[in-house]
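Undergrad: The residues making up each chain are set out below.
Protein chains: 2
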Amino acid sequence: MKKSLGAKPVVYPTPVFVVGTYDKAGKPNVMTASWAGIACSEPPCVCLSLRKATSTYHNLMQRKAFTVSLPSEKYVKEADYFGMASGKNVDKFKASGLTPVKSTLVDAPYVEEFPFVLECKLIHHHEIGLHTIFIGMIIDVKAEENIISGNRSFSDLLKPIAFDPEHYVYYGLGKILGKAFSIGEAVAKK
Amino acid sequence: MKKSLGAKPVVYPTPVFVVGTYDKAGKPNVMTASWAGIACSEPPCVCLSLRKATSTYHNLMQRKAFTVSLPSEKYVKEADYFGMASGKNVDKFKASGLTPVKSTLVDAPYVEEFPFVLECKLIHHHEIGLHTIFIGMIIDVKAEENIISGNRSFSDLLKPIAFDPEHYVYYGLGKILGKAFSIGEAVAKK
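The listed protein sequences correspond, in order, to chains A and B.
Sequential numbering of the first sequence, starting at 1, is according to the working numbering.
Sequential numbering of the second sequence, starting at 1, is according to the working numbering.
Any given hint could be a false lead.
One copy or two, either will do: identical chains are not told apart, so a pair holds if it fits within one copy or between any two.
[Said to hold, decoys possible] With a Cα cut of at most 25 Å, we get these calculated DSS-like pairs of lysine-lysine: (1) K74 to K175; (2) K94 to K2; (3) K64 to K52; (4) K64 to K189; (5) K8 to K64.
Source of the hints: derived by calculation from the structure; they are not laboratory data.
No experiment lies behind these values; they were computed from the predicted model shown.
Go ahead and model the full structure; you've got the sequences and the hints to work with.
TA: In structure tokens:
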């Protein structure tokens, strides 16, 4: 029996995007966003939603570029910190000891220590309500060589983080359940 | 050392949304979409991106409503099947043996057997390229009573599925890494 929980923004899982931008003066900032995902295959695009209260919102509007650095499990504390602190009050790179790297492709910094990075140019935004959704075209994807290993899934090697937006908990990924566009054949043949 | 993988739509994790719609004649359809996530907190909204080639695209344009049913791990084969087959050629509910339930709040069906459901009204769409992004306002969230259990995270009980879009693999969620808006305090105090 299903029970109503009311109207609230909850799905499982949500990702942990660490979004890198420069402010007007060129100071690098990062913030964590979980209202985010892939938006298009061709051109490859991501979407992420931000409140106007964030520094990243204004940096993005001005610079029209951002990066997404995906933390591995060992950086879950830093990822959480990037979602708690504000770039208005603190230099989050300095406070965390992590390293901003200037992208050579877009006008934004990424996190050197995080193993997986998207470099994106803003192509569209739309104000929904409290959040504005931003669509960024993925100009390049970069990953540490040690997580690019033949047929092993990046997820095994990257150890990405998932977020539970109802109970505010971070998860690692667990066991492989099956191969997509494949295990469903058994249903078709029933 | 980071290596370029080229421009491609890859992030970790992506969710497994089973999107329910009615066609012109009132036939229920479902498809699986992983280019999706939360788009806004207030009003609570999800986004999902669809190709024009799908039945769901046209159903959504016509009916302006959809549901998102989140499968638990035990339904990973059905979720995969819903992403492989086309509603143009087959009744996916009949083929899978799963049950369409008419939402009382929006003009769309959801999957009875899946434990977590969002009922949504379309409020915006924007054509990006191959995919069009749809924004739906969440009118209600419904969950099976056995997954709503005090302080235990829904993720433990729901057992949602994550998708690796590079290697086409489904994952379960793994261990809890920490409490959000909390474990980051250690970084702030460094």
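Undergrad: It remains to establish, for every hint, whether it holds in the given structure.
TA: Right, here's what the structure says about each hint:
Taking CA atoms no more than 25 Å apart as the test, K74 paired with K175 passes in both settings, with 18 Å inside one copy and 13 Å between copies. Taking the shortest alpha-carbon separations for K94 and K2, only the inter-copy value of 22 Å comes in at or below 25 Å, while the best intra-copy value is 47 Å. With identical chains, the CA atoms of K64 and K52 are at most 25 Å apart within one copy only, with a shortest distance of 15 Å there and 28 Å across copies. Taking the shortest Cα distances, K64 and K189 never come within 25 Å of each other, neither inside one copy (48 Å) nor across copies (32 Å).
Taking the closest pair of Cα atoms, K8 and K64 come within 25 Å of each other only across two copies (19 Å); inside a single copy the shortest separation is 30 Å, beyond that limit.
Violation of the numbered hints given earlier is confined to hint 4; every other hint is satisfied by the structure.
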